[in-house]
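Asker: Residues per chain, in single letters:
2 protein chains.
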Amino acid sequence: MKKMINSVESLLEESLNGFAKAHDDIIQLNHQPRFVTRKQKAKQGKVALVSGGGSGHEPLHTGLVGQGMLDAACPGQIFTSPTPDQMMAAAEAVDNGRGVLFIVKNYAGDVMNFEIAGEMLDCEHATVLVSDDVSLPKDHSTGRRGVAGTLIIEKIVGAAAEAGASLIECKILGDRVNESTASMGVALTSCTVPALGKPTFDIGDNEIEMGVGIHGERGREPMNLASAADIVEHLATAIDTELKPQAGQKVLLHVNGFGATPAMELYLVYDLAVKYWQQRGVEIERSLVGNYTTSLDMAGCSITLTLLDDELIQLWDAPVHTANLRWG
Amino acid sequence: MKKMINSVESLLEESLNGFAKAHDDIIQLNHQPRFVTRKQKAKQGKVALVSGGGSGHEPLHTGLVGQGMLDAACPGQIFTSPTPDQMMAAAEAVDNGRGVLFIVKNYAGDVMNFEIAGEMLDCEHATVLVSDDVSLPKDHSTGRRGVAGTLIIEKIVGAAAEAGASLIECKILGDRVNESTASMGVALTSCTVPALGKPTFDIGDNEIEMGVGIHGERGREPMNLASAADIVEHLATAIDTELKPQAGQKVLLHVNGFGATPAMELYLVYDLAVKYWQQRGVEIERSLVGNYTTSLDMAGCSITLTLLDDELIQLWDAPVHTANLRWG
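From first to last, the protein sequence lines are chains P and R. Mapping of the first sequence onto my numbering: position 283 corresponds to residue 283, and the numbering continues sequentially without gaps. Mapping of the second sequence onto my numbering: position 65 corresponds to residue 65, and the numbering continues sequentially without gaps.
Please note that the accuracy of each hint is not assured.
Identical chains blur together in the list; that is why a pair holds if it fits in one copy or across any two.
Derived lysine to aspartate or glutamate pairs resembling EDC-like cross-links, with alpha carbons at most 20 Å apart [to be verified]:
| id | residue 1 | residue 2 |
| --- | --- | --- |
| 1 | LYS2 | ASP202 |
| 2 | LYS39 | GLU311 |
| 3 | LYS250 | ASP309 |
| 4 | LYS198 | GLU92 |
| 5 | LYS275 | ASP24 |
| 6 | LYS46 | GLU92 |
| 7 | LYS138 | GLU119 |
| 8 | LYS2 | GLU207 |
| 9 | LYS43 | GLU179 |
FYI, nobody ran anything at the bench for these hints, they're computed from the structure.
The shape of chain P in the complex, shown without the other chains:
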């Protein structure tokens, strides 16, 4: 295993310390328990958005804390859920009297721990469960996984909360965006989790893993390495079959790199995905290309599509000022 670390044990702590120093104008790191909040607390009466999950997906979630997006994020160990005490402490730190919305990717550990935190929490709260990964069937026993669509939910609900939406409005909006969002990924290589010290899965030199999860979960099917056009056709068809956008439908298209894939390839994938939906009359109204929901050093990418309406476009466009997403 080749990584720039000092020890597996200290990696997360040291990395968060660097993150906190690099962005001390935007965020603040709490050490025990571990969570990140905005440097400048949101105004009174704003619903507080709290997310979190295993580390190794940066900039998700810590890099998305800030004005217009999350109020707090709880980083767990790599690919490991944060603990309920992190979530509780984060929620209590950012609660503004209007309630707390948890945004949780659908993984057993995250779901359980956020539930426990919720039960112990005194303030009003609700949860949006993210389940945008269409590589699993909708009736899968543990439900679908939450992947790169999470950022879109956090951005859109973040804007609504900033504009004064109530807890129940934020919850309904988050669920609606989740229902309107579908993602699927492909891996060219496995990631290597430091504590394991070797690749999570074996993959042949001429193979790709179609439908891979962001923790290196095996996908729908191993496939032979194909052209980018074939790969995109495969991913886009799975998404299109799920969301069934009509001609004239406005969408947000997000091409997300898993960590080790160069920007050149991500933009090439984006070009092919644009063509796929333009041929169907779908209107690519907004887009985001880059490494946002990563899987350590995995090579590959995911495509995410969100069906938009005027309200969602306005919320997407609203100003955001975080360490790793910023506009307006």
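Given the coordinates of chain P, work out where chain R should sit on it, guided by the hints.
Answerer: Okay, now just chain R, sitting in the frame of chain P:
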């Protein structure tokens, strides 16, 4: 070779098409010859900044075209200089009557082609040659290479040009920032150039390449894989020896990922670099952490330090609105 491409021949064109579509609010792509300009031309009387170089380093340079930074960028084939006709056409497209400043990384092909373009160009022009890589001695036969410090020069001179600086002022400022900037990189893996189809250099499972160039040029020395603390000590000492910042000196610290290294590791490196200079009383006044001057899918990073004064801080902080660098 595992890459998401359709063919080696069409990779650059398809990737640029995707880039242009994803950022059509900020930039515009010209196809023959190939260059990227701002969507909205700068105001009359502003010095025009033109950069360029081989592709494979994205977001450098195309992702840095926009308000407050470059007026145009010329992407060559991967790791190959763009041609003089690209540079001439780009310069003519963005010349605003106040002259054109070329910002050129010090590589033989780039230097030669920008010189030829300059000779054929009718308008007033000057060149800033970037040579921030301290892994080579200052008296190296072809001079030092330009690496991640390029972005800092483009940002600072871009702000000055936007504020109305003259061509000669921009040239002097660019040279000054170059003199005040030092970088060094380390590779954990080689990159793979698509046209070559295999890694550029061999590297053992327990080796790292200290002082590597952004095209995968072999470094100062192969070293055994070391702790992040040792790696940072090595890089920072080379930079510190060059720039000799005194206690109290304000600096900009830039940790740049080469492409395949996770954000977690980059922030950890940043944390260690901050400690290195803080122990020496140096003040980390500004910072930038992320993949900015990449080397395709190489794992590793570089550290860059720029000595700051109040003028440079103000120029660094000035608003910038490009595809991949945005604030203010």
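Asker: If a hint holds in the structure, say so; if it doesn't, say that too.
Answerer: Hint-by-hint comparison with the structure:
1. LYS2 x ASP202: Classified as both: same-chain Cα gap 17 Å, cross-chain 14 Å, threshold 20 Å.
2. LYS39 x GLU311: Answer is neither: 29 Å inside a copy and 27 Å across each miss the 20 Å cutoff.
3. LYS250 x ASP309: within (7 Å within a copy, 48 Å between copies)
4. LYS198 x GLU92: neither (38 Å within a copy, 52 Å between copies)
5. LYS275 x ASP24: between (41 Å within a copy, 15 Å between copies)
6. LYS46 x GLU92: Intra 14 Å, inter 51 Å, cutoff 20 Å: intra-copy only.
7. LYS138 x GLU119: neither (28 Å within a copy, 64 Å between copies)
8. LYS2 x GLU207: between (23 Å within a copy, 9 Å between copies)
9. LYS43 x GLU179: neither (30 Å within a copy, 45 Å between copies)
Violated hints, in rising order: 2, 4, 7 and 9; the structure is consistent with all others.
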